[in-house]
Amino acid sequence: MQKQKLVLVGNGMAGVRTLEELLKIASDKYDITVFGAEPHPNYNRILLSPVLAGEQTVQDIIINEMDWYEQNQIHLHINKKVTKIDRKNRIVFTEDGTSAEYDRLLLSTGSNPFILPIPGAELPGVVSFRDISDVEAMLDASSRYRNAVVIGGGLLGLEAANGLMLRGMDVTVVHIAPWLMDRQLDEPAARLLQQSLEAKGLKFLLEKQTGALVPGESGRVCAVSFKDGDSIPADLVVMAVGIRPNTELAESAGLYCNRGVVVNDTLQTFDPRIYAVGECVSHRGVAYGLVAPLFEQAKVAANHLAEYGIGCYTGSLTSTKLKVTGIDLFSAGDYMGAEGTDAIVLSDPAGGNYKKVVLKDNKVVGAVLYGDTTEGSWYFDLLREGTDVSDIRSSLLFGQHNLGDSGHGDPHARVAAMPDSAEICGCNGVCKGDIVKAIRDKKLFTLDEVRAHTKASSSCGSCTGLVESLLAVTVGGDYSTAPSKKPMCGCTEHSHDEVRETITRQGIKSIPALMHFMEWKTPDGCNKCRTALNYYLLCAWPSEYVDDNQSRYINERVHANIQKDGTYSVIPRIFGGDTSPKQLMAIAQIAERWEVPTVKFTGGQRLDLLGIRKEQLPGIWKDLSEAGFVSGHAYGKAMRTVKTCVGSQWCRFGTQDSTTMGIKLEELTWGSWTPHKFKLAVSGCPRNCAEATIKDFGVVAVDSGWELHIGGNGGIKVRATDFLCHVKTEEEVLEYCAAFMQVYREDAHYLERTAPWVERRGLTYVKERVVDDAEQRKVYAERFYESQKYSQDDPWKARGEGVDAHEYKPMAILS
Amino acid sequence: MQTTNNQQNWVEVGRIEDIPLLGARLVKSPKGDIAVFRTQGDEIFALRDKCPHKGGPLSQGIVHGKKVACPLHDWKIHLDTGLAVAPDEGCAARFPVEVRDGLIYLSLEPDSGR
Numbered sequence: 001m002q003k004q005k006l007v008l009v010g011n012g013m014a015g016v017r018t019l020e021e022l023l024k025i026a027s028d029k030y031d032i033t034v035f036g037a038e039p040h041p042n043y044n045r046i047l048l049s050p051v052l053a054g055e056q057t058v059q060d061i062i063i064n065e066m067d068w069y070e071q072n073q074i075h076l077h078i079n080k081k082v083t084k085i086d087r088k089n090r091i092v093f094t095e096d097g098t099s100a101e102y103d104r105l106l107l108s109t110g111s112n113p114f115i116l117p118i119p120g121a122e123l124p125g126v127v128s129f130r131d132i133s134d135v136e137a138m139l140d141a142s143s144r145y146r147n148a149v150v151i152g153g154g155l156l157g158l159e160a161a162n163g164l165m166l167r168g169m170d171v172t173v174v175h176i177a178p179w180l181m182d183r184q185l186d187e188p189a190a191r192l193l194q195q196s197l198e199a200k201g202l203k204f205l206l207e208k209q210t211g212a213l214v215p216g217e218s219g220r221v222c223a224v225s226f227k228d229g230d231s232i233p234a235d236l237v238v239m240a241v242g243i244r245p246n247t248e249l250a251e252s253a254g255l256y257c258n259r260g261v262v263v264n265d266t267l268q269t270f271d272p273r274i275y276a277v278g279e280c281v282s283h284r285g286v287a288y289g290l291v292a293p294l295f296e297q298a299k300v301a302a303n304h305l306a307e308y309g310i311g312c313y314t315g316s317l318t319s320t321k322l323k324v325t326g327i328d329l330f331s332a333g334d335y336m337g338a339e340g341t342d343a344i345v346l347s348d349p350a351g352g353n354y355k356k357v358v359l360k361d362n363k364v365v366g367a368v369l370y371g372d373t374t375e376g377s378w379y380f381d382l383l384r385e386g387t388d389v390s391d392i393r394s395s396l397l398f399g400q401h402n403l404g405d406s407g408h409g410d411p412h413a414r415v416a417a418m419p420d421s422a423e424i425c426g427c428n429g430v431c432k433g434d435i436v437k438a439i440r441d442k443k444l445f446t447l448d449e450v451r452a453h454t455k456a457s458s459s460c461g462s463c464t465g466l467v468e469s470l471l472a473v474t475v476g477g478d479y480s481t482a483p484s485k486k487p488m489c490g491c492t493e494h495s496h497d498e499v500r501e502t503i504t505r506q507g508i509k510s511i512p513a514l515m516h517f518m519e520w521k522t523p524d525g526c527n528k529c530r531t532a533l534n535y536y537l538l539c540a541w542p543s544e545y546v547d548d549n550q551s552r553y554i555n556e557r558v559h560a561n562i563q564k565d566g567t568y569s570v571i572p573r574i575f576g577g578d579t580s581p582k583q584l585m586a587i588a589q590i591a592e593r594w595e596v597p598t599v600k601f602t603g604g605q606r607l608d609l610l611g612i613r614k615e616q617l618p619g620i621w622k623d624l625s626e627a628g629f630v631s632g633h634a635y636g637k638a639m640r641t642v643k644t645c646v647g648s649q650w651c652r653f654g655t656q657d658s659t660t661m662g663i664k665l666e667e668l669t670w671g672s673w674t675p676h677k678f679k680l681a682v683s684g685c686p687r688n689c690a691e692a693t694i695k696d697f698g699v700v701a702v703d704s705g706w707e708l709h710i711g712g713n714g715g716i717k718v719r720a721t722d723f724l725c726h727v728k729t730e731e732e733v734l735e736y737c738a739a740f741m742q743v744y745r746e747d748a749h750y751l752e753r754t755a756p757w758v759e760r761r762g763l764t765y766v767k768e769r770v771v772d773d774a775e776q777r778k779v780y781a782e783r784f785y786e787s788q789k790y791s792q793d794d795p796w797k798a799r800g801e802g803v804d805a806h807e808y809k810p811m812a813i814l815s
Numbered sequence: 001m002q003t004t005n006n007q008q009n010w011v012e013v014g015r016i017e018d019i020p021l022l023g024a025r026l027v028k029s030p031k032g033d034i035a036v037f038r039t040q041g042d043e044i045f046a047l048r049d050k051c052p053h054k055g056g057p058l059s060q061g062i063v064h065g066k067k068v069a070c071p072l073h074d075w076k077i078h079l080d081t082g083l084a085v086a087p088d089e090g091c092a093a094r095f096p097v098e099v100r101d102g103l104i105y106l107s108l109e110p111d112s113g114r
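The listed protein sequences correspond, in order, to chains A and B. Count the first sequence with UniProt numbering and you get residues 1 to 815, in order. Count the second sequence with UniProt numbering and you get residues 1 to 114, in order.
Because the hints were derived from the structure by calculation, they are not lab data. One should not assume that every hint holds.
[Claimed, not checked] Calculated pairs, EDC-like style, for lysine to aspartate or glutamate (alpha carbon to alpha carbon, straight line, at most 16 Å): (1) A:363 with A:388; (2) A:809 with B:18; (3) A:622 with A:794; (4) A:664 with A:732; (5) A:3 with A:38; (6) A:778 with B:18; (7) A:5 with A:307; (8) A:664 with A:730; (9) A:363 with A:385; (10) A:5 with A:55; (11) B:28 with A:615; (12) B:54 with B:88; (13) A:809 with B:88; (14) A:509 with A:547; (15) A:442 with B:88; (16) A:84 with A:101; (17) B:54 with A:547.
[To be verified] From the structure, some residues in chain B lie toward chain A, with a derived Cβ separation under 7 Å: (18) 13; (19) 14; (20) 15; (21) 23; (22) 27; (23) 28; (24) 57; (25) 60; (26) 64; (27) 69.
[Said to hold, decoys possible] The following label-pair restraints were derived from C-beta to C-beta distances: (28) B:99 with A:421: 49 to 57 Å; (29) B:55 with A:81: 54 to 62 Å; (30) B:99 with A:25: 25 to 33 Å; (31) A:143 with B:55: 53 to 61 Å.
Quick reminder that beta carbons are idealized off the backbone N, C-alpha and C, glycines included.
When you get a sec, could you build the whole thing from the sequences and use the hints?
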């Protein structure tokens, strides 16, 4: 089949990123031609500041070398500016008459620096700060001249000024507004910033309007004069007053532009054959000048160029960081605080610290941090997710580590301080140095890329936060926003929430039907999405859904835990951890009969029989079933165990019978499938010997009844529970537990434990459903009981009797 | 056991329905364990039942597309080549396999990999 022709105009970050995304999903679809006006291959424009400052070289910031284009059979024309699009015949022409035909055209013409229309703007020595040639001109001037003036006290201007100062120039920043970075900072934060920059040696002229640039005898600029009559010497003038989308080419081709090439949610212009991405674009009235939105756009545009037709770009939230070494500031969202908002502020000018979080309707809508910015990403997460923060309002400014994260502190600061040899991913033995090296050498931008290349965070996922922090710390300002909507996996554009909603709204009851309805990109998904879909369908239709064994991880498929040597371990359920000599003898005899190599107490007070060969499983289960045991589900994304102490039955301090409570809870909840493993504990008094405050659902007996706690985690990232409520009776404990589990089962993403889920959703969300509204609590609990009718049959007994016999037997044994 | 007079020594190991769709079965042979896979499109592949990473039993993994995810550390292995999905590197030996009249024939001479 003849390949279609795709032409990209603009060899910058957004356009080439679109090609990268496209090559990933449809590498053979197009003959690709790229036109770039600059003489360089694709480079990372946002790193020009470190190049100017001497912290990186031009070579360091090249993203794709020339041989990348060759390897991907892309025809690259550098140094050629496209000046005409013939839309009727679908041909583009360059200045020098080169032409290329297209079936699809992708415009990524970026933006142009805004040049003030003042006398002298065209003089030698006046530059903008946009591309490598500007940086070269600035470096050249810094080696020969002394006085530099930067017009514009925004992000770009300050980075340029810092670079020139580090190159030895005497730099004055001229800004028209009363404070610096007025598009990102409020006045107090900006004053702190100004002080630090002044301490570094920069000079500032605020509320100053430039009148003209004055030529010297040589014809080069020699001074800047202001409208108020003042003037200062200047051998180099950098204009950094803003950018404007480069729409010249699009306009000349008759495409509709309005402060940017206007595109729809599929990044198509008014001519559907022509796509546009990046800074040249106006989407829903917004033109973005930061990198993260461009990457989101690239992904959607690639999806449509590949003719999958399901990507949708709905706009981006952005945050700002200044790439000036030694200055930490962060800003996102509505940092000034519009009407109807209120703000929580911490101001410590002497200590160089300022924090402001802007709230509206109990949700974070903006934040400005100066000095200590370690909580920036957390506030940004709260902002993106729209989390209700009323429960944590009083401690919001003190940061995430004050919320029960047992003093681990901020992950960014923590990973930054780690030595290179520190192990980040315990499952796969990946240390910090490996990850940092991979991020730098392979120019990784996303968590998925880091997972693919290093394996870190690709097993149990408990180090995901650390890896994300490492990515943020290593890539710096480039990694500012992840899209708020994350697709489930590479097989679909849809998020977990969208999938769950579609299942219930459309009444879909099988994996193939769902994949068909939601236009899955792969014929049968992958191990990530199939396992999730199987759970979601099971949760939505407990009585009707036919479980898909091939979409279960091996542990759940064969109801035992696979171990490193391919053998399995089985853990019989011992309700509430309360056993008897008879039970123990039965287990001991069975272990002897099957020559079990290791018998081990688990962390949840159960006995683990390790080292069992797969073909032995049905036999040992049959024996265990006959002795009265059911599966402990220690292998599943399921209710695992209820840990207890001896409570008032024996303990001098016990206030309630925690063991009996534990047994009742386990009888209620065993067998239930959950988004991730789920553990409970019951302590008989506030001494909390069963460690109930690091469990998914913890119960602590007090004199007046029972305290209920949720969202704890004893894993790598320890998190103490949030207090849910106090209840008086046993019946209430059971009902609240059932309701809480059902809310979690119906709302969390697959493989999301209760701790991150509660943080994402907010405690208020849970309380509204489980505590505040008795009706709703009963409805949730009822749905849980209903579901348990179908899940409380012992998988071991069935398999001991011959179900799925093929799983356990080789297909053939050849001699 | 049955052989044909092809260049390979083909051994009949079972019927195609013996393997669940998107699943795998184990064949024990004098030359070691071999995993036989069945894809959505009823294609049959055979690899040594050992992930090139840490020896995980590939027959216990989840089959998707023409790949299997190793149950131990989630490496993905291409069923048709035995190669690990990039950026991982490694290769599981591939065994020639044929389906005739719904019967699966396997050759015990691996043609690539370890």
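So, going through the hints one by one against the coordinates:
For the suggested pair residue 363 of chain A and residue 388 of chain A, the alpha carbons sit about 5 Å apart, so the restraint of at most 16 Å is met. Straight-line distance between C-alpha atoms of residue 809 of chain A and residue 18 of chain B comes to about 11 Å, which keeps the hinted pair within the 16 Å bound. Between residue 622 of chain A and residue 794 of chain A the CA atoms are separated by roughly 11 Å; this keeps the pair inside 16 Å, and the hint holds. The straight-line distance between the Cα atoms of residue 664 of chain A and residue 732 of chain A is roughly 12 Å, inside the 16 Å bound, and the hint therefore holds.
The hinted pair formed by residue 3 of chain A and residue 38 of chain A fails the criterion: a straight-line CA distance of about 28 Å is larger than 16 Å. For a cut-off of 16 Å, the pair hint linking residue 778 of chain A to residue 18 of chain B is broken: about 46 Å separates their Cα positions. The suggested pairing of residue 5 of chain A with residue 307 of chain A holds, with an alpha-carbon distance near 14 Å, which does not exceed 16 Å. Simply put, residue 664 of chain A and residue 730 of chain A have alpha-carbon atoms about 9 Å apart, close enough for the 16 Å limit, and the pair holds.
A threshold of 16 Å between alpha carbons decides the hint, and for residue 363 of chain A with residue 385 of chain A the separation of about 9 Å falls inside it, so the pair holds. For the hint linking residue 5 of chain A to residue 55 of chain A, the alpha-carbon distance of about 40 Å lies beyond 16 Å, and the restraint is violated. Our distance criterion of 16 Å between C-alpha atoms is met by residue 28 of chain B and residue 615 of chain A, whose separation comes to about 12 Å. Distance restraint check for residue 54 of chain B and residue 88 of chain B: the Cα-Cα separation of roughly 12 Å lies within the 16 Å cut-off, and the hinted pair is therefore satisfied.
Distance check on the hinted pair: residue 809 of chain A and residue 88 of chain B sit about 31 Å apart at the alpha-carbon level, beyond 16 Å; violated. Taken as a hint, the residue 509 of chain A and residue 547 of chain A pair is honoured in the structure, with Cα atoms around 10 Å apart against an allowance of 16 Å. Simply put, residue 442 of chain A and residue 88 of chain B have alpha-carbon atoms about 14 Å apart, close enough for the 16 Å limit, and the pair holds. The suggested pairing of residue 84 of chain A with residue 101 of chain A holds, with an alpha-carbon distance near 12 Å, which does not exceed 16 Å.
For a cut-off of 16 Å, the pair hint linking residue 54 of chain B to residue 547 of chain A is broken: about 30 Å separates their Cα positions. Annotation: interface hint on residue 13 of chain B holds; nearest CB of chain A at approximately 4 Å, less than 7 Å. At a threshold of 7 Å, the smallest CB-CB gap from residue 14 of chain B to chain A is about 5 Å, leaving the interface hint in force. With a cut of 7 Å, the hint placing residue 15 of chain B at the interface with chain A is violated, because the nearest CB-to-CB distance is about 9 Å.
Interface hint at residue 23 of chain B: satisfied, since its Cβ lies 5 Å from the closest Cβ of chain A, which is below the 7 Å cut-off. With a least beta-carbon distance of about 5 Å to chain A, the hint placing residue 27 of chain B at the interface is held under the 7 Å criterion. For residue 28 of chain B, the interface hint holds, the least distance from its beta-carbon to any beta-carbon of chain A being 5 Å, beneath 7 Å. With its C-beta approaching chain A no nearer than about 5 Å, residue 57 of chain B sits inside the 7 Å limit, and its interface hint holds.
Interface hint status for residue 60 of chain B: upheld, as the beta-carbon distance to the closest one in chain A is roughly 4 Å, under 7 Å. Below 7 Å, beta-carbon pairs count as interface contacts, and residue 64 of chain B has one with chain A at about 5 Å; its hint therefore holds. With a cut of 7 Å, the hint placing residue 69 of chain B at the interface with chain A holds, because the nearest CB-to-CB distance is about 4 Å. Between residue 99 of chain B and residue 421 of chain A the C-beta distance comes to about 51 Å, which sits within the given range of 49 to 57 Å.
Checking the proposed 54 to 62 Å range against residue 55 of chain B and residue 81 of chain A shows it holds: the Cβ atoms sit about 57 Å from each other. Evaluation of the 25 to 33 Å hint for residue 99 of chain B and residue 25 of chain A yields a pass: the beta carbon distance comes to about 31 Å. A beta carbon spacing of about 60 Å between residue 143 of chain A and residue 55 of chain B agrees with the range 53 to 61 Å that was offered as a hint.
Against the hints set out earlier in the document, violations occur for numbers 5, 6, 10, 13, 17 and 20.
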